Structure formats: structure tokens, C-alpha cells
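One-letter residues, chain by chain:
2 protein chains.
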Amino acid sequence: MRAEIIAVGSELLTPYRLDTNSLFLTDELHQLGVRVVHKAIVGDTPDEMLSSFRHALDRADVIVSSGGLGPTDDDRTRWTVAELLGRKLRTDDDVLRKIQERFRRFGRTMPEINARQALIIEGATILPNPRGTAPGQWVESNGHIVILLPGVPHELRALFEAEVKPRLSKLGSAQRLFTRDLRICGLFESAVEQLVSPLYAMYPDVETTILATARGIELHPQIWCSDPVRAGQILDEMVERMSLALGENLVSTRGEALEEIIAQLLTENRATIAVAESCTGGLLAERLTKVPGSSAYFLGGVVCYSNEMKSALVGVPPEMIQSKGAVSEEVARALADGIRKRAGATFGLGVTGIAGPGGGTPEKPAGLVHIALADEHAVREKKFQLPGDRELIRNFATLNALDMVRRYFLYPAHGKS
Amino acid sequence: MRAEIIAVGSELLTPYRLDTNSLFLTDELHQLGVRVVHKAIVGDTPDEMLSSFRHALDRADVIVSSGGLGPTDDDRTRWTVAELLGRKLRTDDDVLRKIQERFRRFGRTMPEINARQALIIEGATILPNPRGTAPGQWVESNGHIVILLPGVPHELRALFEAEVKPRLSKLGSAQRLFTRDLRICGLFESAVEQLVSPLYAMYPDVETTILATARGIELHPQIWCSDPVRAGQILDEMVERMSLALGENLVSTRGEALEEIIAQLLTENRATIAVAESCTGGLLAERLTKVPGSSAYFLGGVVCYSNEMKSALVGVPPEMIQSKGAVSEEVARALADGIRKRAGATFGLGVTGIAGPGGGTPEKPAGLVHIALADEHAVREKKFQLPGDRELIRNFATLNALDMVRRYFLYPAHGKS
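Those sequence lines, one after another, are chains A and B. So the first sequence is numbered by our numbering: it starts at 196 and just counts up by one. So the second sequence is numbered by our numbering: it starts at 196 and just counts up by one.
It should be emphasised that the hints constitute simulated quantities derived from the structure, not laboratory data. Check each hint, because a few of them may be wrong.
No copy is singled out in the list; a pair is fine if it fits within one copy or between any two copies.
Here are the simulated DSS-like pairs of lysine-lysine, each with C-alpha atoms no more than 30 Å apart in a straight line [as the list claims (entries may be wrong)]: (1) Lys536 to Lys293; (2) Lys485 to Lys536; (3) Lys536 to Lys519; (4) Lys577 to Lys485; (5) Lys365 to Lys536; (6) Lys519 to Lys485; (7) Lys578 to Lys485; (8) Lys293 to Lys578; (9) Lys578 to Lys283; (10) Lys577 to Lys293; (11) Lys365 to Lys559; (12) Lys283 to Lys485; (13) Lys365 to Lys519.
These numbers come from a predicted model, not from an experiment.
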């Protein structure tokens with residue numbers, strides 16, 4: 196079965212908004228054995244809408260639309276689909292009553308125009324909306340299925356889960372999509388590609404998407420298969436080979452983010468951490484505290500932008516800053532060890548660098564970053580020259596700092612000094 | 196003139212990637228007087244591609260495609276458009292030479308398959324690609340224009356700027372899109388809507404998009420107009436009325452982010468700031484240091500997750516934490532005043548709260564946040580009960596903390612204690 200997703204809404208044709216519902220819908224549909232072959236984004240002009248839905252019927256067995264079910268003149272999805280299929284709209288009394296009740300519950304009277312939300316396409320199955328006023332609709336016609344969903348993301352999700360999923364799971368093809376989600380840190384996209392691409396020919400049924408993000412590189416191998424056991428075996432085997440190729444650069448194989456892996460490592464080892472960061476400006480602490488429950492291992496951090504704060508709060512000797520410079524191996528080490536001692540943590544992580552665009556010199560250009568990790572015995576340090584603009588440099592520096600913690604647990608004896 | 200944007204690439208039909216090129220293209224096209232009426236996203240299957248391009252020709256005067264110009268078998272955009280228009284592809288020797296040169300410059304020999312990137316549609320204008328191997332193509336046929344662009348964002352942008360913009364600016368209609376970008380903080384989306392929607396009827400030619408983001412609410416009024424002066428007057432007048440309606444909640448009218456407004460205010464007033472944050476976990480410092488040159492006014496911050504760090508690094512009395520709790524008005528005030536003094540800053544900003552999902556109690560549920568701002572004379576404090584999950588609570592708390600600084604400068608005498 197082939198699906199097309201149509202997102203309806205003039206605001207989706209502005210430079211400010213993307214149709215993000217389709218990511219959720221694609222994921223769900225693929226798992227139900229329905230392959231998304233096309234996505235369309237259309238405004239609320241009747242002609243455009245009709246043209247989009249008509250063309251979708253040419254291409255797809257299932258059309259899933261989001262949006263255009265509101266009460267205003269702009270909300271044209273019901274009319275469009277009714278016109279396209281040559282059907283009438285009728286007011287459903289039961290739906291109307293529920294909408295009125297919903298307004299009453301919030302202490303308001305239903306505005307007249309909301310009665311439009313009770314208009315149902317002849318022959319359609321009503322899909323109750325637990326989170327809003329507009330119900331979804333499921334219309335079958337000439338072997339096609341048209342599913343109308345509201346555009347508000349949490350309404351769409353709840354409605355899909357409760358009403359669409361059970362119906363489609365009976366109809367979807369036996370072939371479903373199975374995937375893995377590998378996270379990699381410490382290699383550029385091209386290097387990852389080079390390491391894993393020889394595997395593509397070995398697994399011709401697996402399609403692999405590679406994705407470079409500010410959080411590292413992601414690999415998404417995927418296979419359409421009617422046999423879950425076989426799909427799992429193929430993917431596991433391929434992931435195993437990918438792991439061997441990627442070595443210590445592989446962070447996780449089930450989509451865990453780097454900060455989640457670190458959370459696991461610190462928790463398992465009953466260790467705590469504190470950070471002292473300059474050029475990352477709080478991003479390192481932010482990433483560590485993103486994980487719920489991080490207060491169990493994250494004691495705190497210092498964002499020491501000024502030299503005075505580096506000395507006052509972390510105890511970096513002012514003479515060291517003066518002689519070596521704030522961005523130097525020595526200061527990174529002093530930050531790591533200083534914050535570890537002041538916080539009474541197992542580990543201290545120190546970052547100092549130049550995020551740019553200003554502040555660089557020929558000897559110390561923007562992108563130069565020193566990162567140090569201290570435990571009670573020693574401090575290991577690494578120097579990076581990172582590419583990109585201010586935002587990318589801050590992100591890559593954070594990533595590399597977090598990765599230093601991960602690698603510590605993999606190779607505790609390496610890089611000590 | 197009406198445009199359709201087609202994004203080509205199977206990876207855009209996965210749950211992992213969105214077509215972000217279309218945001219840039221939409222913005223540019225609207226400013227050139229070309230209205231985007233439809234967007235399509237299609238994989239690299241020849242039939243699907245042909246169907247998409249054919250339907251686009253029905254709807255639009257201009258088709259702008261991104262992607263599918265690479266050297267592999269999957270890159271089918273040239274073939275699709277040639278087939279659709281009934282034209283041949285020919286190898287352009289000049290383009291081929293440039294591609295070979297490009298490889299030579301990077302010390303490599305051009306792989307044979309890259310010769311495909313020199314295939315040009317009969318009658319097409321070649322659009323040189325300053326950033327990559329695949330040139331763009333501009334094809335006219337029966338009053339339609341089809342523009343083929345590479346999918347790599349920075350190549351697409353550079354090529355559009357240099358080659359497409361000058362050509363389209365001669366052709367686009369006299370009506371161009373004029374916009375404003377208002378940022379609002381301190382109101383929910385529904386409240387903003389209620390305050391500004393009475394203006395919609397007064398300005399029937401202006402279409403306003405409202406957008407709720409983790410960075411606050413945005414309002415984008417826009418008007419298609421052939422007279423820039425008139426468009427400016429209408430928008431200015433409407434924005435003026437919106438400003439009156441929104442009052443002190445209006446952060447900016449030209450798209451400046453809250454942190455940029457604060458950067459201006461602090462710089463103009465030769466003031467410095469330091470922060471002590473708990474539940475926002477570094478996000479507050481991160482936001483402040485996002486702005487290039489922030490080292491001029493941001494001295495540093497402390498992320499004090501543990502009670503010990505609140506006392507050791509910011510001087511919050513342990514007895515106070517014990518008697519009032521770490522999440523309390525008193526501790527927020529002590530954090531703000533403590534970090535101000537320790538950093539020697541004009542302002543100290545303190546945040547303490549419960550981001551959840553764990554850590555809440557019936558008296559102090561997740562979402563409870565105390566924020567305090569200290570200057571040398573006094574400390575003002577505000578209590579918030581924020582909605583949403585951990586990520587939203589952290590974002591809203593950061594937003595409100597930053598906004599407290601902005602409001603201080605607007606109303607320096609308010610809220611002192």
C-alpha cells in the first residue's frame with residue numbers, strides 16, 4: 196500500500212513554518228506497512244486543494260491529510276474531499292452535540308460557525324477527536340482510503356493512535372518497515388560514509404540514510420520485510436558489521452543520545468560530574484541536564500566567560516591565564532580539575548575556546564577549543580580545531596566534551612597525564 | 196506569477212528529515228513577486244517524479260526543484276524534466292571541464308559517473324554552481340519556467356542568489372510580499388490572538404500568521420502590494436496598533452530575538468550580567484551567550500544543581516535552603532544577589548524551580564519556578580507555574596528570566612523590594 200500525506204494550511208506556505216506532522220505520520224505509516232511515496236503542502240485555496248487531492252488519488256492508495264478541519268471559511272478540507280468524491284456533506288447530530296458539550300464544559304456557548312465541524316462526508320466513518328472539537332473522517336472510495344485529520348499536532352497524534360492505527364493495521368501490507376538508529380561521534384559524515392558504504396552492496400535490501408546533525412552523525416538502515424524475525428536478523432547483522440567498522444566512534448545502536456549514554460555510564464559507575472565551560476556558554480550543562488533525573492549525577496557547572504570568574508569560581512590561577520592565555524591546554528586542565536574539586540565530583544570537565552566570529556587571532560583562530568577531563572588521579576586533555584559558524588562551533592565543542600566522558604569509560608587507561 | 200517548490204530525495208520521505216530548503220526559497224520567491232502555491236516532496240522513483248513535475252506544470256508558472264542532481268543512479272531530476280518536456284539531454288563540454296577541474300583542485304580524478312552532472316537539458320540555460328559540481332538549469336517551455344537546483348542547502352542558496360534572483364526579478368509580478376516580524380513575550384498564543392484579531396478586519400489586505408514557539412509568540416503580518424511605500428505605510432500603521440494592543444509584552448517589531456534586545460539594552464546602559472540557575476540547567480547562560488560579542492556584558496554563570504553548589508559557589512545560606520526549600524522565593528533572591536556580588540556584575544539573575552518530570556510535590560509541583568533579578572539596590576522576584584513537559588518548562592523559565600531583564604529597563608521602578 197502506498198500513501199500520500201497532504202498538509203493543508205496557508206501558514207505552511209510561509210517561510211516560518213514546516214509541516215512537522217508528516218514526520219510522525221511517516222513513521223507510523225511505515226510501521227503499519229504503508230509506504231509514503233509523496234508529500235504535498237497546500238494552502239487553503241479551493242482550486243489548489245482540489246488539484247492536490249485529485250493528483251494524490253492518482254498516485255496513492257491511502258491519502259492522509261492534516262489540517263483544514265477548523266470552523267472558519269479557510270477550513271476547506273471537508274468540502275474538497277466531498278467534491279472530489281462527488282459526495283454530499285451532512286450534519287451529524289451526535290458530533291454536533293459533542294462539540295456543544297465541549298464548549299459547555301469550558302463554560303462557553305458554541306459559536307454558530309463551529310457547527311461546520313459536525314459536517315461529515317456521506318459514507319465516512321467518524322473518528323472521534325479526544326483532544327479537540329473537529330473529529331477525523333475515514334472515507335473509502337474505489338479502493339482508495341482518504342483519512343482527514345486535524346492539523347494540531349497533539350490532536351492529530353492522539354486521533355491517529357486511537358482511531359487510524361487499529362484500522363490501518365488490518366489493511367496494511369504484510370511488508371513493514373524495520374529500522375535501526377545508530378549514533379556516531381568523532382567522525383565527519385564523509386568518513387562515516389566511507390566506513391559503512393562497502394556494506395550497502397552486502398545488504399541490497401537495506402536502504403541506509405545518513406544524517407549529519409549538530410548532535411553528531413546518525414545512520415538509519417531500514418528494510419521492508421514481511422518477516423519480523425528475518426528483518427531483525429538482517430538488521431542486527433548489518434549493525435554488527437557497522438559497529439566493527441565504526442569502532443569506538445559508535446555511540447549507540449538504538450537511538451540513544453550521547454547525553455543518555457553518559458547518564459547510563461555515570462549512574463552505573465555511581466559517579467558524579469561537574470563542568471566549567473567558557474566558549475560553550477552553558478550548552479554543555481544544558482545538554483547534561485536535558486536528561487530527566489540528571490540531578491543524580493550532575494552536581495553543577497560554571498559558565499566562566501570572564502577571566503575573573505575563571506579564577507574566582509574555579510580557582511584558575513590568574514598568572515596562568517596571563518602567561519598561557521584563557522584559551523590554552525593549561526587553563527582547560529585547571530578548569531576541569533578546579534571544578535571537580537570545588538563541586539566534590541568524581542569528574543570535572545573543562546572547556547575553553549573561541550566560538551567566534553570575533554576573538555580569534557592567527558595563532559588562536561575561531562574554532563580552537565581545548566577540552567579537559569579530570570578524575571581524582573589525572574587530567575586528560577584534547578585540542579580541537581572545529582569548523583563552522585559560532586553556533587556550530589559551540590555545538591561541536593559540547594559534543595566533543597560529552598564524548599570525552601564516554602570514551603573515558605570505554606578506555607579508562609588512555610590519554611592520562 | 197505562481198510557483199511550486201518540489202523537493203526531490205527519498206531521505207525526505209523518512210521520519211528523520213524535513214525539506215528546509217523550501218523555507219529559504221519561499222522567502223526569496225515572495226520577495227521577488229512570485230507566490231508559492233504548492234510544495235511537493237517526492238522520492239527518487241522515476242514514475243513518482245514524473246507525476247509530481249507534470250502536476251506542478253498544471254498549477255504553477257514557475258517550478259523550483261531542489262535535489263536529484265547528483266552523479267548516482269538515484270539522481271533523476273535531469274531525466275525527469277527532459278522527458279516531461281520532450282527534450283534531449285546533451286553533455287556540455289564546458290561544464291564537464293569545470294567538474295574535472297574541481298576534482299583536480301582537490302587532488303582527485305573525476306569518477307566516470309560524475310560526467311552525468313554535465314548533462315544539460317536541450318535549450319536550458321546553465322546556472323553555474325560556485326559551491327559544488329552540479330550546475331543548476333533554467334528551462335523555459337510554453338510559458339513555464341522550470342528551475343533545477345542542487346539539494347545541498349549552501350549550494351542551493353549561493354546558486355539562487357547569484358543566478359536565479361537576478362533572472363526572476365525581471366520577470367516576477369509587480370506585486371511583492373512585504374512582511375513584519377513581531378516577537379511577544381509574557382502572553383499565551385490565544386491571548387495574543389484575542390488582542391490583535393480585531394485589527395484583521397481593519398486591514399483586510401494583510402494576512403497575519405501567528406506562531407507559538409519555545410522562544411515566545413511570533414506575529415507575521417504580510418501584504419502583497421505593487422507599491423513598496425504604500426505597503427510600508429499599511430504595515431507600519433498596523434504594527435503600531437498591534438504594539439498598542441500588546442503593550443509591554445511586545446519584544447520587537449523587526450524579528451530581533453529577546454536575547455538580542457537584552458544585548459542592546461545592556462550594551463547601551465554599559466551594564467553587565469551574571470546568572471545563577473538551577474532548573475534551566477545552563478539554558479539561560481546558553482541563550483545569553485548565543486549572541487556574538489556577548490562577552491562584553493555577560494560575565495558568567497553558575498549552574499547550581501546541588502544544594503552544596505548553591506552555597507559554595509553563590510553563597511546561599513544552607514539554613515535558608517533547609518528551612519525554605521531549594522525552590523523558593525528566598526533562594527531565588529539569594530541566587531540573584533549572590534551571583535551579582537561574586538561576579539561583580541550590574542545585574543544578577545537567579546532561577547530555581549522544578550523542571551520535572553520527577554521532583555515535584557503537591558505543594559511544589561513540576562513547573563513551579565522562582566525567578567529573581569538583582570541590581571545594586573534591590574531584588575525583584577516573580578513566581579511562575581509553567582505548563583508543559585521538562586523541555587518546555589526549561590524553555591519557558593529561560594524565556595521569562597530573560598524577559599525580566601527586558602522589563603527592568605522598560606520599568607526600572609516596578610517590582611522592587
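Quick one: Lys536 to Lys519, C-alpha cut-off 30 Å, is that within a copy, between copies, both, or neither? Both. Shortest intra-copy (22 Å) and inter-copy (28 Å) distances satisfy the 30 Å Cα cut-off.
Regarding Lys485 and Lys536, is the shortest C-alpha distance of 30 Å or less found within a copy, between copies, in both, or in neither? both (24 Å within a copy, 29 Å between copies)
Up to 30 Å CA-CA - Lys578 versus Lys293, copy category: Neither: 63 Å inside a copy, 37 Å across copies.
Could you place Lys365 and Lys519 in one of the four classes (within, between, both, neither) given a Cα distance threshold of 30 Å? Intra 68 Å, inter 57 Å, cutoff 30 Å: neither.
Up to 30 Å CA-CA - Lys485 versus Lys578, copy category: Both. Shortest intra-copy (26 Å) and inter-copy (22 Å) distances satisfy the 30 Å Cα cut-off.
Checking an output row: Lys519 and Lys485, CA cutoff 30 Å. Within, between, both or neither? between (34 Å within a copy, 26 Å between copies)
From the Cα coordinates, with 30 Å as the cut-off, is the pair Lys577 and Lys293 best called within, between, both, or neither? neither (63 Å within a copy, 40 Å between copies)
State whether the alpha carbon distance between Lys578 and Lys283 is at most 30 Å within one copy, between copies, both, or neither. Classified as neither; 69 Å inside a copy, 53 Å across copies.
Same-copy or cross-copy closeness of Lys365 to Lys559 [CA-CA at most 30 Å]: Neither way: Lys365 and Lys559 sit 62 Å apart in one copy and 46 Å across, limit 30 Å.
Within a copy, between copies, both or neither: where do Lys283 and Lys485 come within 30 Å Cα-Cα? Neither way: Lys283 and Lys485 sit 51 Å apart in one copy and 55 Å across, limit 30 Å.
Within, between, both or neither, where Lys365 and Lys536 count as close if Cα-Cα is 30 Å or less: Close neither inside one copy (60 Å) nor across copies (66 Å); limit 30 Å.
Could you figure out if Lys577 and Lys485 sit no more than 30 Å apart (CA to CA) within one copy, between two copies, both or neither? both (25 Å within a copy, 24 Å between copies)
The earlier numbered hints that this structure contradicts are 1, 5, 8, 9, 10, 11, 12 and 13.
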